[in-house]
Structure formats: C-alpha cells, structure tokens
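There are 2 protein chains.
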Amino acid sequence: MISEETIIKLLIIDKLIHRQEYVLRELAWEIGVQPDLLERIADDMSKNYLLNIEKGKIIWNPADNPSTLKPWGWLLIHKPLLGSTQEAAKGASPWSVIVAEYMLAGRGRHGKKWYSNLGGLWATFKILTNAQTASMAPIIIPIILVRIFRKSYDVEASIKWPNDIIIDNKKIAGILIEGEAFRDQILLYVGIGVNINNDPPLPDTISLKNILNKLTPRNRFLSLLIGWMSRMEKLSLEPEKIRENYMEYLETLNRKVLVKTLQGELIGKAVDVRDTGELIVEVGRGEKKVLDPTLTFELRHID
Amino acid sequence: MISEETIIKLLIIDKLIHRQEYVLRELAWEIGVQPDLLERIADDMSKNYLLNIEKGKIIWNPADNPSTLKPWGWLLIHKPLLGSTQEAAKGASPWSVIVAEYMLAGRGRHGKKWYSNLGGLWATFKILTNAQTASMAPIIIPIILVRIFRKSYDVEASIKWPNDIIIDNKKIAGILIEGEAFRDQILLYVGIGVNINNDPPLPDTISLKNILNKLTPRNRFLSLLIGWMSRMEKLSLEPEKIRENYMEYLETLNRKVLVKTLQGELIGKAVDVRDTGELIVEVGRGEKKVLDPTLTFELRHID
Ligand SMILES: [Mg+2]
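Protein sequences, first through last, are from chains C and G.
Residue numbers for the first sequence follow this note's numbering, beginning at 1307 and rising by one.
Residue numbers for the second sequence follow this note's numbering, beginning at 1307 and rising by one.
Rather than coming from a laboratory, the hints here were simulated on the basis of the structure.
All C-beta atoms in this analysis are idealised placements derived from N, C-alpha and C, irrespective of residue type, glycine included.
Misleading hints may appear alongside valid ones.
Claimed, not checked - Some chain G residues near chain C, calculated using beta-carbon distances under 7 angstroms: (1) V1339; (2) G1485; (3) R1489; (4) I1492; (5) Y1495.
What the hints assert, rightly or not - Across the chosen pairs, the derived CB separations fall in these ranges: (6) N1475/C <-> F1603/G: 35 to 43 angstroms; (7) L1508/C <-> K1353/G: 30 to 38 angstroms; (8) I1512/G <-> L1518/C: 51 to 59 angstroms; (9) G1570/G <-> G1362/C: 39 to 47 angstroms; (10) L1568/C <-> K1361/G: 45 to 53 angstroms; (11) I1359/G <-> D1349/C: 54 to 62 angstroms; (12) K1361/G <-> E1332/C: 52 to 60 angstroms.
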C-alpha cells in the first residue's frame, strides 16, 4: 500500500522532471490539490530532495534531477514510478540506464523486497559485454561503489560479502546482478540502489545524507557511477588487481559471521574468498564451509 | 492508502489514453512489471473497463476512453490521477470539463469523502453563466442526470433531495456544485460522479453495470452530459417547467425521511419543496420544519 501523500509527491516529481520550476499555484491546479496542501507536501519533500519553495515558486535543483543528465554513450530513462527498474530494463537497448524515483515492486537479491523510498538512487544499468567481464561483475560493481564513496565523498564504505555496501556495519547500497545470454555475449542487468537523500528504509541501513549531514545532488553520484560502468571491461582486464581491491575493501574478512543459507544457519569466522566468489568460513577446529553467494540468503557481522 | 495494483492499473490507463492498443509485453516493459503480472492485472481491469486482451495485445475500446472525445465548444482534460477534479478545474478556463480515472482526495457535499474507484465517471464542468442559471443549477443538474438515465438507458432513476440520484433507493450518482463570482457572472464548478462500470463503492450504492448487467461505454454518458450542460442556460429560461420536472423526478416527496442536520436528527414526512430549494418536513400534528440543503448533512428514505 502507498500513501496518498507519496503519490502526490510523485506527481510533483512528474511535473518537475521536464521543467526546473513551477508556480506553486499552477502546479496545485495541475495536480488537483489545494495550494496550501501542495506547499505543505513540497516542504516535506525538501527533506529528501533538493527542492526549494520561494516567492510562490517550487524549484528543483537540476543536479538532483536525473532527467537533466545526458551521459555520453548511454540512454538514460528516468521515470517517477515503475514496477521495478530491472523489469523496465528488459525492453531497453543495451547501454541504457533506467532510473526510478519509486518502485512498486523493487527486488533485491533472492527475491527479497527492495525498499525504494523517495530521495534515493534506484537504477538498473543494461550492459552488453563479454563472458569474462560478466563473470567478474559481482566483484567489480561493489568495488566501484566503494571507490565512489571513498574517493568522491570521503566516506569509509566497505563491502559486506558478497556485495552489500556498508558504513559502520549499516547498509548504504545494494546490488542485484542478473544476466542473459545474447549471441556470444552477455546482457547484464546491474541493479544498484543507493540510500542517498532518502530516509533509511530499515533498521541497520543508513543514508549518505545521515553521514554528510546534508542533502547531496544525486546526479554527481549517478554520473560517477555511469563513468565507472563504461569502464567495466577495461577493469576486468586486470583480474589480479580487481581481486586485490575486493579483498582490501571487504569488511567481512576475519570477522565473526552469522550466515543463513538454504541449509540453515551457521556461525564462524570468515577466513577467505575464492577467485570464483565463494566465502570460506571456519566453523571450528579447522572445519571449513564453502559458501556460494547465490545460495546464501543473509550474512551478518556479529563481532 | 492505495494498493500497488490500483497504481499499476492507473499506469496502464496512462499508457492507453493516447494509444488504443499496446503489445502486452511492450506495455509490461514500459511499466516495469513482468508480462504475466501485467496480464493478470489487465484481466482484472476488464471488470471495470472495456478492455480486451487478445493475441498478446491489450486494447481499450475508444468509446470508454474520455480522451478520444472532442466535444464541440468544450476543452476536455482527462487525467488518470488527480487530487480532485474540482480543484483541478480551478486553473482551467470556463467551458472546460475535467475527467479523472481516480481521485486521491475526491470531495462530496459537506466535505464528505467521494469514493472514486476505477471504472466510474468522475468529472467537473466549469461553466461561466448568469446568476439566474447558477441559482437554478442545483435543480437543473439532477434533472439532467435523471433524464439521461431514463431516456438513454431506460433506467428508472429518481432524485433524493436535494440532489442525489438513486435507483431502488441506492445512490448511482452524486453532485457537488461550487461557485465563485466572476465580474457580473458566476463561475460554476459542477462536480458529477456517476457509478458506471466501477464496483459500487459503499453499501446503498449501485452502478449502471449492475443494472444493465454489462459494461457500458462511458463516452456515451459523458457526451450526453456535455450536451445537456451546453443547454443549461436555455433550460433555466423555463423555471416553471424545471420546477415541475424536479417535483416529478423527486422520490423524496411524500416519503418518510430521517434527516441529519447540524442541529441534530429529525424524522417526518417530506411534504413539499420551496422554489428556493428548501425541503418542508411535517414532523407531527401539523408542525413543519424547513430544511436548507446546505445545512442538511444526510437524508434517508425510511418507509
Ligand atoms: Mg576519511
């Protein structure tokens, strides 16, 4: 279920996507709500969007509106509301990036619901690439995210195995990678959700705005992401370096972990990650378990 | 709160408004839902819309899509989703008709919520007229509705004072009239809600589809309504005839009624209606009460 207020916010976004500003009264008429109500709702939106109300106008900072980005070599499709960006990407051509402000049925790994509340960055990148790059994507994408957080925002993000991005043990970004064969190549659907200016959707999650103590224009993050995505194949040419980077950023290594798999729960110490992505967990007296990411439902750091 | 499914239905409408048909798979991609889910939802919609799924296509009968109407002398604005058509009409020019498939904050008389579920006809007519016609609107509009039901659908509708339209004592249409002065004339906002192909939203309501036992194309009703609205001034030139018509169509006359006013409840027999619209109720031993429609919250026929 969705609140009427959230829907009105999405109608406001829908109007402002192609026009930076609107006279508040005119916007109220277009949406069919009283101007006072619209002003109250727009004011509330300014907690999650770089939106200002001044002199009877409502103005959206273009650097926070993905529709204003024209990334070279990519088709950007930005919609207020979608079922999910992963599904919407199915019909798009390769090298499209689909961005939604809200998803009715956002998916995370293992069919878990993905909470896409307003002000976050919810995107799917559709990429046509070779098998080598595709097989490394689960390692490369979290590295890209950590690099952006560390180098462009000075924020100490790290990886929780297999590919959640955490800060202070709280999730700030999630990744869902799906693929299909296309002739001799692979079509990759890389879904990335980043808590940017949205309120943290769940316990143990955190948003960039909580860390920076201010709202940040989402297009900066999105352009950095697009830039790195364009260079995925190049990155995959140096598998040793990528693996080294992944291990460097991996918070899980040497931590005590609680893991839920299809076979049940186990507790142990994470001691290594194989080249092919499996986590090795020492569960006692030298006994080791090999965990496949696709069969691991949940992992928590518990020390 | 609104269900995700209702929102997906509104996204389907939004796509079909300007295109009579869509390949189902392409529509699923555009909305970002799996084709199987879209098909299930579209199938469910065909209970409330003249919508067909055949050979992998979804097709909306244009006679059920208000956007296909081009009424002479009127500007028709049709939106899937609005706060309310009354508010949206505020920014429109006179002789506009605003139609919404769903209202987030539909209003009835006395600020009561108006339930606008999918498949009904929810419209506001914005009319610039003289004071004489404006003062008669509360009598003329219900007459127009009853005439349409009786003459074009062969359905025995009648008026429940002051201006609900009922069939078998169940509400099928409601009216909300608001006005503002504009120079020496009156801007009228005539809100009309008709349960056409929607499921009856409340107990004691009924839809045209229940009576006809089939879905009916809404544009026929809407064009008839627009035609009559264009002739309101002409109708108001014959006040005697209008009054006679109103009394003829008024179910409430000589009925035992329970009335809720701001001063409390009363029970009595409805014996007359004044030229100025007040209902006269005999409450016992010749004692009569005069009820102003604007101060009467609810009236029920109880015999
Ligand atoms: Mg630092």
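Okay, the hints, checked on the actual structure:
The beta carbon of V1339/G is positioned within 7 angstroms of a beta carbon in chain C (closest approach about 3 angstroms), and the interface hint is therefore held. With 7 angstroms as the threshold, the beta carbon of G1485/G stays out of range of chain C, its nearest partner Cβ sitting at about 17 angstroms, so the hint is violated. At its closest, the beta carbon of R1489/G sits 21 angstroms from a beta carbon of chain C; the interface hint therefore is violated under the 7 angstroms criterion. Violation of the interface hint for I1492/G is found here, the shortest Cβ-Cβ separation to chain C being roughly 20 angstroms, above the 7 angstroms cut-off.
Given the 7 angstroms rule on beta carbons, the hint for Y1495/G is violated: about 12 angstroms separates it from the nearest Cβ of chain C. Roughly 57 angstroms separates the CB atoms of N1475/C and F1603/G, a value that falls outside the hinted 35 to 43 angstroms. At roughly 36 angstroms, the beta carbons of L1508/C and K1353/G sit within the given window of 30 to 38 angstroms. For the hinted restraint 51 to 59 angstroms between I1512/G and L1518/C, the CB-CB distance of approximately 57 angstroms keeps it satisfied.
Taking 39 to 47 angstroms as the suggested C-beta distance range, the pair G1570/G and G1362/C conforms, at roughly 44 angstroms. At roughly 41 angstroms, the beta carbons of L1568/C and K1361/G sit outside the given window of 45 to 53 angstroms. About 43 angstroms separates the C-beta atoms of I1359/G and D1349/C, a value inconsistent with the hinted range of 54 to 62 angstroms. Evaluation of the 52 to 60 angstroms hint for K1361/G and E1332/C yields a failure: the beta carbon distance comes to about 43 angstroms.
Checked against the numbered hints listed earlier, the structure breaks hints 2, 3, 4, 5, 6, 10, 11 and 12; every other hint is satisfied.
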